[in-house]
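Residue numbers (the UniProt record's numbering), protein chains in the order written: chain A, 1 to 329; chain B, 1 to 254; chain C, 1 to 288.
For the record, the hints were derived by calculation from the structure and aren't laboratory data.
Any given hint could be a false lead.
In silico contact screen, one side only, chain B against chain A (beta carbon under 8 Å); selected entries [stated by the list, open to error]:
hint : residue
1    : Leu86
2    : Glu98
3    : Val99
4    : Arg103
Cβ atoms here follow ideal geometry from the backbone N, Cα and C, with glycine treated the same way.
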Amino acid sequence: MMKFKLAPTERTDGNASHKWLLIALVRALAVILCVMTAVFFIIRIVPGDPAKMILGEYSTPEALESMHHALGLDLPLWDQFLRFMNTLFTQGDTGNSIITGTSARELIAQRAPITLLLILLACVLAIIIALLLATLAATHKDKLLDHLIRIIPAITLGMPIFWVGLLLILLFSVRLGWFPVGGAGEGWSGTLHSLALPAVTVAFSQIPTLVRSLRAQMLEVLESDFVVTLRAAGIPNRVILFKHVLRNSALPTLMLLGVNISYLIGGTLVVEQVYGIKGIGSLLFTSISKRDFPVIQGIALYCALSVVIISLVIEIISWWLDPRTKGKQ
Amino acid sequence: MMSTHPVLEIEALSLAAKSNEALVHNVSFSLGKGETLGLVGESGSGKSLTLRAILGLLPRGVTQTGGVIKSGARSAMVFQDPRGALDPLCPVVKQLAEVVYYRQQVSRKASRMIALELLERLGLPDSLQRSDRYPSQLSGGQCQRIVIAMALACKPGILLCDEPTTALDVTVQRQIIETITSLQQELGFAMVFVTHNLAIAANLCSRLYVMKAGEIVEHGDTLDLLQHPSDPYTQMLIDSVLPLPELEGGRMNG
Amino acid sequence: MNYIQLDPHLHEGGRTANRLKRIWNTPSLLVGSIMFAVLIILAVFIPYLSPYSPTEQNLSAFLQPPSAAHWLGTDQLGRDLFTRLIYAARTDLKIMVLAEIIPFCTGVFLGMLAGYYGKWLDAAISLLTDTFIAFPFYLIVIIVAFASGAGERGIYITFMLVGWIVFARVVRGLSASFRKQEWVASAQTLGLPGVRIILRHLLPNVLPQAVVVLMTDMVGLLVAIVTLGYLGIGITPPTPDWGTMISDGQPFITTAWWLSAVPGFAVVYTGIALSLVGDGLADIWRKK
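Just need the whole structure built from these sequences, with the hints factored in.
Okay, structure coming up:
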């Protein structure tokens, strides 16, 4: 029977959606706790004595002992853990830098803006280029253009991101002189100018995966029944593509970006090193070369926290935007 | 019957997949104004592909390898899976109004008014007029009515129905069939009705074409064909329908 | 024993001729395998093919451009670039394959357990993978590789820790969907122990997809090995490695750009070969 007046079901729907949100939040919280624990153990599970790594292979036992004390490594493990968690929750910190004595959190906060800007630029670039290529490939399926675009992932999959950076520097900075070789420029335009090549490099590493999944996604949409319906109903192709197909592919793009955000951040750290950008990546490498464990832990913690939180936000946004997740009304 | 001025004529239509595998072979029929013609046969026999060919929207990888399709009127189509036939991210009213806008060349505002009229005509509840009603929130029958409304918005001379009731609940099937027939009486479009349900075909169609493996094995007036099938495949189809008392009893003979 | 016939894997039947024909009809697999085989053959026979040593320095012939004697020229220490390139393939490909064995097995095993048994086991394994995935791949690779010490051993430890996640996630998804299939349910109702169903029926069904993922993942791993070498926390000199070769060449990028470019192309070449093999295998298994 057709029910023209359906009984109000908002109540149960409300419960269901709250439940979903609650589960997502609890899961994210659990992951965050695990991430914190992992950051604590990250320098303890790998073989080798951190104190020895800091002081070098031929340090005196006394020096080692005092370093153990300074790092809190002479305490029982559970005590170390509690202290670590305590500083983490009260100050949002992983301790003070062994080298400069300043808080790891502050060191990271100083370096964060430029890294964030780079990630944002790379994201925008990657989405625009990937959407363009995926649309071209999907609308020209099995034609030359599609084949060309489909070859890209196979070729770029094996390209080390730092090597791509080097080649771009060689071409655009050394040969053509369009962009600075490295470092950060002055002011807004200078910063953007100097970040252009790094952003392209990071975006470059993301585009293959994005294009591959987006093309598959768009093909699925293009071949779905509703596109045939709209075509049969005489809606112009361009309207179908831009209003219906792209919108239906937008949600999966967003989700994909949520999955890839981790790779995006990791790639950015390496690319900073190539271009000599003084962001979190370069902080990581100086800390590593100076064996500055609290700072390394801080970087790991904040990167992982951003990944968890960004993924959660993206998950919530796509759930919010997708009418399919709402119940019948 | 009304074959003096056919609105649709198909001669020796052949369709093939890219791998040269023949999908539809040498299919011919003509459709008179206001007539209803049934294409029956098992799934995969090329019925739906024939409809898509008439519509001019063959699936990717399928090409017309022969034959002529002469169509004297606009055609519109109603699909098997109503939910899949609607954009899940577009409010239903908006989708309907969009079709009106592009097909009837009226203003955006007028197209919305016409869309609302269509909704009413198809017996859809007022709540669907709100712009936040998406296909996923509608029942299958309601979606199918929207799809029919979208087809009607094209002001078709020919309505192509691709098993429009197969995916629906049994109770809803009849309502949809009744809706379609009453609209046909009112608007006078011709119809090609694809189904594997002989009971529906017998009720709706004046002539039947039986398809098997991409070819028409037999055709004729519905009554004749069902009562005196000459092809063994048609006989098999009829036998596969469990007791159809109406078929032998009053309605068919009367 | 009806369920056995319903298991898509057991249904296949091995006709070798047919299989060969399928490989022949899948150009990507053919081309990819040949490309990879060429590299392997070169790497195995390089001591007999090249008159040069990969490590011995010859300061009288440094930074030479490509010539008949030195096909790709020489580096800043006068070592033949082509010879070093192929010796580096030995190092990098060996580590790539060895470092992938344990993560592959662990990942497939954990993924099957999580997908097949579901419930708390699934929740626990998912939590573990979610935690690992929260750390940007290169961040965790760099930190662990550094902490466990530069060199081969550090690379093995690093990938033992992080490499299994990809496989666990893919296999978990597959296993969960296989579990819902009827033949698994009927096998369960027949009272077959879970271990037997997992090993005899689930494993053969998830393995093809896992192997396809393995091919792309190996490329990723190779790139990571090279990146670690470039950053100075991977393979340590003088052992030839594509990553250290690129960083060694970097100071000469304006004068002898090929020093850095060529090792990168070697990585790209390997990447193309492996992804072609992966695509080809995926094609073959999809057609079935």
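B/Arg103 as an interface hint toward chain A, with CB separation required under 8 Å: holds (5 Å)
Once the shortest beta carbon distance from B/Glu98 to chain A is found, is it less than 8 Å? holds (6 Å)
Closer than 8 Å between Cβ atoms is the bar; does B/Val99 clear it against chain A? Give me holds or violated. holds (4 Å)
Would the hint on B/Leu86 be counted as holding, given a Cβ-Cβ threshold of 8 Å to chain A? Check passed: Cβ of B/Leu86 comes within 5 Å of chain A, closer than 8 Å.
Consistency with the previously given hints is maintained throughout, with no hint failing.
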